[in-house]
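Okay, here's what each chain looks like letter by letter:
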Amino acid sequence: MSEKFVWKRDYYAGGLMVLLGVGAAVTGSGYKFGTLARMGPGFMPVVLGIVLAFIGVLIAGTALGSPEPDNQKFLPDNPQWFGWFCILAGPILFIVLGEYGGMIPAVFACVFVSALGDKTATYKSSFILACGVTVFGVLLFHYLLNIPFPLLRGVNL
Amino acid sequence: MISTALTDLWYGFGVALEPHNLMYCFFGVLVGNLVGVLPGMGPVATISILLPLTFGMHPVPAILMLSGVYYGAQYGGAICSILLNLPCHPPHAVTCLDGFPLTKQGKGGTALGITVIAAFVGASWGITEMIFLAPFLVKVALEFGPAEVCSLMLVGLIAGSTLAKGSPLKGIAMTVFGLLLGIVGSDIETGQPRFTFGITELFDGIEIVALALGMFGIAEFLNSINNTEAVDMKYANVGISDMFPSKADLKASFRPMLRGTILGSLCALIPGTGPTIASFVSYATEKKISKTPERFGRGAIEGVACPEASTHSSVQGDFIPTMSLGIPGDTVMALLLGALIIHGIVPGPQLISQHADIFWGLIASFWIGNILLVILNVPMIGLWVKLLSIPYRYLYPSAMFFVCIGVYAAGNDMFQVGETLVIGVVGYILLRLDFHPAPILLGFVLGPRFEENFRRSLLISRGDLMTFIERPISAFFLFICVVLLVAQIYVWLRKPKVVAEERAIEAEVPATGYSELAE
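From first to last, the protein sequence lines stand for chains A and B. Counting with this note's numbering, you get residues 144 to 300 for the letters of the first sequence. Counting with this note's numbering, you get residues 245 to 763 for the letters of the second sequence.
One should not assume that every hint holds.
Only some residues are given here: those of chain B computed to face chain A with a beta carbon under 7 Å [unchecked claim]:
1) Ile416
2) Leu665
3) Val666
The calculated label-pair distances, taken between Cβ atoms and stated as ranges, are [unchecked claim]:
4) Leu709(B) x Ser172(A): 19 to 27 Å
5) Val590(B) x Val165(A): 43 to 51 Å
6) Ala496(B) x Thr265(A): 45 to 53 Å
7) Glu387(B) x Gly158(A): 38 to 46 Å
8) Ser172(A) x Ser430(B): 14 to 22 Å
9) Gly389(B) x Thr205(A): 32 to 40 Å
10) Leu201(A) x Lys495(B): 46 to 54 Å
11) Phe257(B) x Leu162(A): 51 to 59 Å
12) Gly204(A) x Ile533(B): 36 to 44 Å
13) Val730(B) x Pro291(A): 49 to 57 Å
14) Phe723(B) x Phe228(A): 50 to 58 Å
It should be emphasised that the hints constitute simulated quantities derived from the structure, not laboratory data. Glycine residues also receive a C-beta, built at the ideal position from the N, C-alpha and C atoms.
Could you put together the complete structure from these sequences and hints?
Right under this line is the structure:
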């Protein structure tokens, strides 16, 4: 091991699993553990947590042992911050506008904002797409499938 | 035995041909074919979106429709691989190798025609296998106590996590993670809330639709955005008249088709080995036994016929362990099992006798669905090819709408949409760390039943763990688990040529911006 220590993606992967496993085991130990014959609700979480943490150590360990270099970067080569932001903003707007506005604004905002995330999209193309999906969605889900989601809250349509 | 099976099948046709059921079956295969053609959409996400809409329906049409999406998508997936060289559906990735060269030579139509024939042959064999094998498996499975069920689930979990693509260790980690996610909610025996962190909405557990759509919907969008190239349509003009293969082509692909079918059905019987593995194994085998292996990769019709037949036979065969034992073989089956549970049907050996209408109706609907798909795919091929040119920038926002409204409809609750979003972000992080999310769903669906049976078997044995080894059937399943694990360690330590060869074929498949989630 004379070479320089290199970060590998698998160290993060193993570390994350250890973290999840230990977290599950610690949380699980707050529940009654019981005995093998009469297992309490805490038995499975603790056992599975320990297993997961152990596998996490193995993942990091095999990466340490293997000479092959891996892609050490966690982020992809061309991070799409704006695209990711738009995609995540879509459902958030859906929740907020759906809760306070109703189905029409929720669907429109969700599609419009998510569509803007593509680098070739324009306001116009996103607007047209959002209108189309809204009309289609209202017809299908409100009138055909009758899901309980008011079109516009406060307005009886 | 055969005559009972045929009588039951006759009854099944009666169920499947009821106009209502027939309509939903047709709708299922149509939607399946559609998402199969569209790059970046997969049956898992589609079934999850449709699942909440079936809550108000009778279980029979619901299950017929959801299954139809799965095998319908397999017909569509091949079109994308052959004409565009886009392996956006993992089971059809290997078809690119010979399908696209054929397209470049102007024989894309022939390849598609052979695909449809191979698909029908493979599917027919898979269904026949199900008719005769499932009732037999049930007879064996009725002897099972909780210890056997537990060990069998362990086989399914280990096979599902180690045989899937990617590192086996990471697969097992994901299975355990899925099992932990399955624990969230109130404990069945004591009612103690676990991992709920005081959030009331989590007392019922994580919604399966939210989990599937987060992992296979939102994580997929995050991965593919601005990462996909415009599709090249220059070879993709195929009409119905190009689709009839010549006699020579038919003759050349007849035997590979049969071999692929047999291999696919064998793969389906091992829990955890879905159609993707079946198609790769059969392509490798076909290349190995061919007298002219150098033709493979340059447009050999056998290289299309064999994996396609294998995929379809494996897809239909996948239903055998799911329906007869209640052990799903892959993600889609885990989801269908979840659908059965939501509809109040307990999966397991008693399903066939207690819900004969579902089981035999499903088998009959496979025949009807496959015939419908052949009809859909031959005359309407031009329409499907046109669909290929829809750019991703219109697809994903529309899909996002379906994801949001689908999750909302599952419980008429905005909390679920937020849950999906969080799961999606977690899913993307896992994906970037090379974790494959498919085993999560498997662990999630099997988790609660695994815990229940594990507790029960140890209660019966008064805490004696030896019960799993003392009972012969259970010991046999545990032996398989050990074999699976030892085989993995052996392969990992010795790195035999087998792995290298398989990797070589996998490396040949063109890279795609779409992640391989669309399974």
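Cross-check of the supplied hints:
Taking 7 Å as the C-beta cut-off, the interface hint given for Ile416(B) holds, the closest approach to chain A being about 6 Å. This hint holds: Leu665(B) has a C-beta 5 Å from the nearest C-beta of chain A, less than the 7 Å allowed. For Val666(B), the interface hint is violated, since its Cβ never comes within 7 Å of a Cβ in chain A; the closest pair sits about 10 Å apart. The hinted range of 19 to 27 Å is satisfied by Leu709(B) and Ser172(A), whose Cβ atoms lie roughly 21 Å apart.
Here the CB-CB span from Val590(B) to Val165(A) is close to 35 Å, at odds with the stated 43 to 51 Å. Distance hint check: the CB atoms of Ala496(B) and Thr265(A) are about 50 Å apart, consistent with the given range 45 to 53 Å. A hinted range of 38 to 46 Å for the beta carbons of Glu387(B) and Gly158(A) is consistent with their spacing of about 45 Å. For the pair Ser172(A) and Ser430(B), the supplied restraint of 14 to 22 Å holds, since their beta-carbon distance comes to about 18 Å.
Distance hint for Gly389(B) and Thr205(A): a CB-CB separation of about 37 Å, consistent with the stated range 32 to 40 Å. Between Leu201(A) and Lys495(B) the beta carbon distance is about 51 Å. The supplied range of 46 to 54 Å therefore holds. Roughly 54 Å separates the CB atoms of Phe257(B) and Leu162(A), a value that falls within the hinted 51 to 59 Å. Evaluation of the 36 to 44 Å hint for Gly204(A) and Ile533(B) yields a pass: the beta carbon distance comes to about 40 Å.
Taking the beta carbon of each, Val730(B) and Pro291(A) are about 54 Å apart, inside 49 to 57 Å as hinted. Taken as a hint, the range 50 to 58 Å holds for the pair Phe723(B) and Phe228(A), whose Cβ atoms sit roughly 51 Å apart.
Checked against the numbered hints above, the structure breaks hints 3, 5 and satisfies the rest.
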